[in-house]
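> Sequence:
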Amino acid sequence: MQRDATRIEWIGNSCRLLKATAAEFAKTQPFGGLTIGTGIHLEPKTVALLMTLRAGGARLVCTGNLNTTQPSTVEFLRSQRITVFATETTDPVTHHKSLEAVVAEKPDLLLDNGGDLFTIAAESPYAGLLGGTEETTSGRTRLLPLREKLGMPILIINDSPIKQFAENRHAVGQSLFESYMRFTNRSTNGKRVTVFGYGACGKGTAACFRNAFSSVSVVDIDPVTALEANLDGFSTPLRGEAISSADVLITVTGVAGIVTAADLPLIKDGAILMNGGHFPHEIDVAAFRQHPDVVRIDRYEADRIESLHLKDGRCFHILGGGHMANLAGPRPLGNSVESMDLGFTLQARCLERVARREVGAESCIVPVPKDIDAMVASAYLDLVRSESAANMRRTS
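With the sequence shown counted from 1, adding 317 to any position gets you our numbering.
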């Protein structure tokens with residue numbers, strides 16, 4: 318008997334840590350009687366996390382992030398009677414209304430991605446908010462000035478070493494490489510690629526494109542970090558040369574205004590611009606579109622590619638409107654299942670810690686506790702070892 322299974326099922330069955338955590342939570346009910354408000358990319362891997370939290374007794378109110386909400390995911394969550402305010406939008410005003418709708422539900426815990434929900438909660442505080450988690454470096458940077466206002470435990474997932482190497486270094490690089498291929502269907506062989514930022518995401522991105530036979534340059538404003546890139550074997554030219562020589566420019570910094578309209582004279586004919594950072598402001602797409610030297614824009618709507626033609630005959634291309642490329646464009650897959658299984662299990666365990674009131678206000682905007690890192694790493698290794706032992710028994 319055949320049955321048409323879904324991608325959500327495929328992802329859910331592949332998230333082995335979350336499945337094991339959900340089975341435990343179903344017994345322990347750490348979120349019984351609590352509401353969790355979430356503002357995180359709504360795609361199939363997020364479903365696995367949300368269903369784990371619900372298994373632990375949570376009522377969920379959810380929205381997504383700009384330009385990454387997948388309608389099939391929203392449809393599935395609503396079929397499970399989960400409240401979802403998200404729409405598939407690139408409009409910041411529309412998106413902000415959905416964020417406000419989540420906070421208006423006065424959830425006990427917040428699972429944030431970019432600092433959106435906690436920023437609203439800081440502006441309009443309410444009783445009963447215990448704290449929660451923030452996924453990204455961008456969100457941590459945004460929330461740090463609000464630490465005194467917030468005064469509650471907020472654990473930063475991106476500061477976990479597991480998140481840094483499993484997701485940022487390995488998975489982001491893989492997914493941005495895959496996204497370049499998916500958007501363009503062009504080779505990377507012999508291309509000159511410039512990566513802006515040599516943090517964990519930049520390291521993985523630079524390595525993946527080099528492994529795909531590209532000539533990779535790295536730009537980082539920190540000279541020590543740039544030196545590290547150089548000693549890792551990457552070219553580290555000055556910024557102007559790095560832009561003017563690049564066939565592909567990739568931003569992965571978490572900072573606004575990395576490539577702007579002021580760089581227009583430097584951009585090579587035929588260059589491709591893509592962003593891997595959380596917010597769609599690392600490449601100033603709006604300024605490029607409105608620049609007086611741009612005489613025509615061709616939009617390949619189905620592929621989310623824009624080709625900007627200049628007065629001097631040059632043309633360059635922007636992928637996904639400058640949004641996070643691995644969750645934009647046709648068939649957005651995001652990071653690998655295994656990396657997100659690890660990262661989302663960190664999320665679930667950190668929310669469990671806050672829900673049990675085992676961290677206090679002194680843990681406002683701090684890294685994941687080391688014992689949680691150790692717990693998640695051990696659980697993953699246990700799965701790997703048990704599979705290996707089972708394979709050995711079958712072959713002996």
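No wet-lab data here; the hints were simulated from the structure. Glycine included, every Cβ here is placed at the ideal spot set by N, Cα and C. Do not take every clue at face value.
Subject to a maximum C-alpha distance of 30 Å in a straight line, what follows is the list of computed DSS-like cross-link-like pairs (lysine-lysine) [what the hints assert, rightly or not]:
1) K628 to K687
2) K508 to K466
3) K687 to K336
4) K336 to K423
5) K344 to K628
6) K628 to K508
7) K423 to K508
8) K628 to K466
9) K344 to K414
10) K585 to K628
Across the chosen pairs, the derived CB separations fall in these ranges [unchecked claim]:
11) L544 to Q319: 21 to 29 Å
12) A691 to K344: 17 to 25 Å
13) K344 to A579: 52 to 60 Å
14) L461 to P554: 42 to 50 Å
15) D539 to M692: 26 to 34 Å
16) D688 to D549: 29 to 37 Å
17) G557 to Q319: 56 to 64 Å
18) S624 to G677: 48 to 56 Å
19) K344 to C632: 36 to 44 Å
> Provide an ascending list of the numbers of those earlier hints which the structure does not satisfy.
1, 2, 5, 7, 8, 9, 11, 14 and 19
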